[in-house]
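Number of protein chains: 2
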Amino acid sequence: MTTDLARRIDQGTGREPAKIVLKGGRFFDLVTGELVTSDIAICGETIVGTCGSYTGRQEIDISGLTVVPGFIDTHLHIESSLVTPHEFDRCVLPYGVTTAICDPHEIANVLGTEGIRFFLESAERTIMDIRVQLSSCVPATHLETSGASLPIETLLPFRDHPKVIGLAEFMNFPGVIHKDPVCMAKLEAFQDGHIDGHAPLLRGLDLNGYLSARIRTDHECTSAEEALEKIRKGMHILVREGSVSKDLHALLPILTERLSPFLALCTDDRNPLDIAEEGHLDYMIREAIRNGVEPLAVYRAASISAARAFGLRDRGLVAPGWRADLVIIDSLESCRAAHVFSAGRRVDAALFATREAVAPVGLESVKAGRVAAADFGVPYREEETSVIGVLPGKIITEHRRYRLPADGNRTGLDLGRDIIKVAVIERHGINGNHANGFVQGFGLKKGAIASTVGHDSHNICVVGVNEDDMATAANRLGEIGGGFVVVEDGKVTGEIALPVAGLMSLEPYESVRDTLHHLRQAAFALGATLQEPFLQLAFLPLPVIPHLKISDRGMVDVDKFELIG
Amino acid sequence: MTTDLARRIDQGTGREPAKIVLKGGRFFDLVTGELVTSDIAICGETIVGTCGSYTGRQEIDISGLTVVPGFIDTHLHIESSLVTPHEFDRCVLPYGVTTAICDPHEIANVLGTEGIRFFLESAERTIMDIRVQLSSCVPATHLETSGASLPIETLLPFRDHPKVIGLAEFMNFPGVIHKDPVCMAKLEAFQDGHIDGHAPLLRGLDLNGYLSARIRTDHECTSAEEALEKIRKGMHILVREGSVSKDLHALLPILTERLSPFLALCTDDRNPLDIAEEGHLDYMIREAIRNGVEPLAVYRAASISAARAFGLRDRGLVAPGWRADLVIIDSLESCRAAHVFSAGRRVDAALFATREAVAPVGLESVKAGRVAAADFGVPYREEETSVIGVLPGKIITEHRRYRLPADGNRTGLDLGRDIIKVAVIERHGINGNHANGFVQGFGLKKGAIASTVGHDSHNICVVGVNEDDMATAANRLGEIGGGFVVVEDGKVTGEIALPVAGLMSLEPYESVRDTLHHLRQAAFALGATLQEPFLQLAFLPLPVIPHLKISDRGMVDVDKFELIG
Chain R
1 MTTDLARRID QGTGREPAKI VLKGGRFFDL VTGELVTSDI AICGETIVGT CGSYTGRQEI
61 DISGLTVVPG FIDTHLHIES SLVTPHEFDR CVLPYGVTTA ICDPHEIANV LGTEGIRFFL
121 ESAERTIMDI RVQLSSCVPA THLETSGASL PIETLLPFRD HPKVIGLAEF MNFPGVIHKD
181 PVCMAKLEAF QDGHIDGHAP LLRGLDLNGY LSARIRTDHE CTSAEEALEK IRKGMHILVR
241 EGSVSKDLHA LLPILTERLS PFLALCTDDR NPLDIAEEGH LDYMIREAIR NGVEPLAVYR
301 AASISAARAF GLRDRGLVAP GWRADLVIID SLESCRAAHV FSAGRRVDAA LFATREAVAP
361 VGLESVKAGR VAAADFGVPY REEETSVIGV LPGKIITEHR RYRLPADGNR TGLDLGRDII
421 KVAVIERHGI NGNHANGFVQ GFGLKKGAIA STVGHDSHNI CVVGVNEDDM ATAANRLGEI
481 GGGFVVVEDG KVTGEIALPV AGLMSLEPYE SVRDTLHHLR QAAFALGATL QEPFLQLAFL
541 PLPVIPHLKI SDRGMVDVDK FELIG
Chain B
1 MTTDLARRID QGTGREPAKI VLKGGRFFDL VTGELVTSDI AICGETIVGT CGSYTGRQEI
61 DISGLTVVPG FIDTHLHIES SLVTPHEFDR CVLPYGVTTA ICDPHEIANV LGTEGIRFFL
121 ESAERTIMDI RVQLSSCVPA THLETSGASL PIETLLPFRD HPKVIGLAEF MNFPGVIHKD
181 PVCMAKLEAF QDGHIDGHAP LLRGLDLNGY LSARIRTDHE CTSAEEALEK IRKGMHILVR
241 EGSVSKDLHA LLPILTERLS PFLALCTDDR NPLDIAEEGH LDYMIREAIR NGVEPLAVYR
301 AASISAARAF GLRDRGLVAP GWRADLVIID SLESCRAAHV FSAGRRVDAA LFATREAVAP
361 VGLESVKAGR VAAADFGVPY REEETSVIGV LPGKIITEHR RYRLPADGNR TGLDLGRDII
421 KVAVIERHGI NGNHANGFVQ GFGLKKGAIA STVGHDSHNI CVVGVNEDDM ATAANRLGEI
481 GGGFVVVEDG KVTGEIALPV AGLMSLEPYE SVRDTLHHLR QAAFALGATL QEPFLQLAFL
541 PLPVIPHLKI SDRGMVDVDK FELIG
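Chains as they are written, first to last, in the numbering used here: chain R, 1 to 565; chain B, 1 to 565.
There could be a bad hint or two in this list.
Residues on chain B that point at chain R, a partial pick, calculated with CB under 10 Å [to be verified]: (1) Glu-34; (2) Val-182; (3) Leu-211; (4) Arg-355.
Simulated from the structure, these hints should not be mistaken for laboratory data.
Since the structure is predicted, the reported quantities are computational estimates derived from the model, not experimental observations.
Ideal placement from N, C-alpha and C gives every residue a C-beta, glycine not left out.
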């Protein structure tokens, strides 16, 4: 029997024709920074020849094109693409993302280990190499009600799964610094593996304490100065450009050749509209170079440096013996993929068609009871009311205080100052919590929008001007198994069903994209001024991001890490 | 119970005094390339604080000094230091070498798995972190007689030992390229681990074939051009400066910041005299900088880049959460270690005294019968005779051909052209082989020198002018359990006993160093002109290095990889 190893040696030495040879192009050597004109020979999953001339059983002309190593998204929640891992694969791999290191944090908050198993099963069947980090903070905090809890004993059975890379973003950084026993148990169990970080604005000695727990990566830097402190303290910085959190431009100063061994790229949360309109990691690369970043620095960050940060020692260079994850682009600057190879397989519709399906999970995950307009009332109080100040394109919010008008014995809106209502309704069938509050910055003049995507516990969140419309929107989510809904004057004017745990669609990504486009138009028709009203809605409940948030238990002062009484 | 993790967090945040604080110095940040003035806090084995001010239970003033990460020797044979791993530890750690990735190839060729076990036991007790690669090519070739054979089934039981890092230098590169079944079995078994390379002068498609076996590191580059081809093909280049093979100066052109993520340093074979006179990796660093290399490039190669090449993810930076392997030097340029910390422990005599001893092995390893002058005779032949051409300071030899004079019915020497006799005598008690030949370049005018160190099979090798002296020298080796011997006019004028497998002394390194100094003088008294006559003798039998060598089976044409009839 001829083994894969024997075939690789025979084809690498040129004694036998290689399975596939890319001819007439050049590759970007991320070691020397040179563009090298050369054939590239592939055998099975592996590159077996560069810097030479080969004959192949299949020869592909790539004249005028440039080969770079496949891109690695080092931190993302696939759920944020609103499609299943299988559809994510089909949607994003053609942009050159051959490895995605995901944290199934969203589905884990709804379904617990059933959600992690769904991702691992999917990861074993996708073309793209999906790696799974074990969600470290479910529930993220005690300030909200999640659908599941994942103490250390539920994670340990997954630790040695071949698709698993350590512990996912350790976002409960106060828990680390203050040695919360639940956090300590998880950190102890992964001291010899990878522990991913998440420490926005953490600095100085507190950061040192956090790092002393052997946490090694961070994707939450929002300024170059913060990133420089963290990178100097040994963190590998994952530069993020998602649909809400967009840090690329702020971090351009650290995207240098010198720092490139310690950099990687990630999207964290990116929706299908942005993927369709801008691209994925290719967009980050393009945008970085357009802003003056050296191609060597950003292509290293996108592949070899990312691979090294996560111990993926088989990928990241175009070189013999390395995994044949290849992106064939028109030019380094524009980074448009003409062809993509994933472990030596040419990526096309036929390849995707070979994948085995995975049965969806969490189809009955929206268990909230029906609500009425009256449930959204807030008793009037004379003193100032805390109002969440939304910042366009950021998940950080401001804690603002206003005197709001009375509306009978209840607190009214202040449309003149763009202050409207926000509510979070527990939807996991646990306690039926319902919390109300106020938010500024959405621009809505009428109606309501609602979502079962609401980080991290993914309860129902609603913002609106009209309480009847808020109730209609929330109730409609129960009928469609979760998703996004827009209601105007009592009628549903836009919706998308996300029946997989209330987070992901069962539809192809193309129809999700089209539906989202319509949905956004429906939100704009209410007056919404934010570019991404649903994403900004979805992050309003996230109590690990400063400064003021709302959960099903009430308004949360994140700086004090407590509920506002 | 307070765990180490809890203590690290408490001390990193500064809530509790750190165990040790280095105060008043600065550290060389290998990420940004900057010298950063800062306290460094250490808790247990781990750095817990940088870029800040700390109080410590012990505070050490390092004013005026610079802290760099501990150096990693990425490829060496500790046996070549002629002392045991315990003495190597005591000798080399004070120079700042906190990690040594060794291949017990020499002792394995003499004792097989008993030798590997000896190294693993030693590695568990030394202060320095010694990692062991599993010798991949024992015997190195079929052209010689070694004391042991290590097929794959003998290596597998060691594969998952915590001190083991994959397969050691795969020097049988023709065996890889031609898919020798013994080689293939070993390569198959380590496809998911690290496979170290050894491929001198291998280039082009043959190199591609070799790399397609997923071999990832190489320490055999002797020119910048060769290194550039290999590094571009994804090999991590281990720049070597040993006692015989000295490649640092030839490789200076690749020691650049750009290439630094893909570089490391190693010594391969370095004797105690050079260590005492020049230093160890510190010498390489000093010498590189003196020759214009950027400090950032060479210090990265010495630590973080080396660690990454071998999957040692806990070390290589001065940063919180990283292993406290620290070298405190006078300046980046002179690189003289004032203090060394190994996993947070200050290195001094008291620390070394805490180590548990390891019982020596292979004390009766020289099993050759006694020889007489007549055994060294070579029948006269009229045609040209192959003569090994020794090149000073290189282990590569030249294949030269000369008409040698007759001495009765035997072939005589040609002292005028510096051609003398060489012999290799099997000493493992297997077949009693005895091969004779001729060598040019030693400078000897009389007497003989002999050694049981003779790579890779470590049979007895002798060079000499006088056959009686050659016999006396070889026989003396049997009496002292192996070592080096100098004989002049029938008398032993210098010797060192290496009773551990005929390779290592039982004495402290200081006395080994002093004895070697005397030994070298005794060889010079015979006329020896090579700076390292014993090391060059020891590499004469090495049939994996071009071009002409001698084993116990006869003269070996390495280019044809066959015995000369």
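Taking the hints in turn, this is what the structure says about them:
1. Satisfaction of the interface hint for Glu-34 of chain B is found here, the shortest Cβ-Cβ separation to chain R being roughly 8 Å, below the 10 Å cut-off.
2. With its C-beta approaching chain R no nearer than about 14 Å, Val-182 of chain B sits outside the 10 Å limit, and its interface hint is violated.
3. Because the smallest distance between the Cβ of Leu-211 of chain B and any Cβ of chain R comes to about 4 Å, under 10 Å, the interface hint for this residue holds.
4. Annotation: Arg-355 of chain B was flagged as interfacial toward chain R, and the flag is violated, the nearest CB pair being 24 Å apart, outside 10 Å.
This entry does not satisfy hints 2, 4, going by the numbered hints stated previously.
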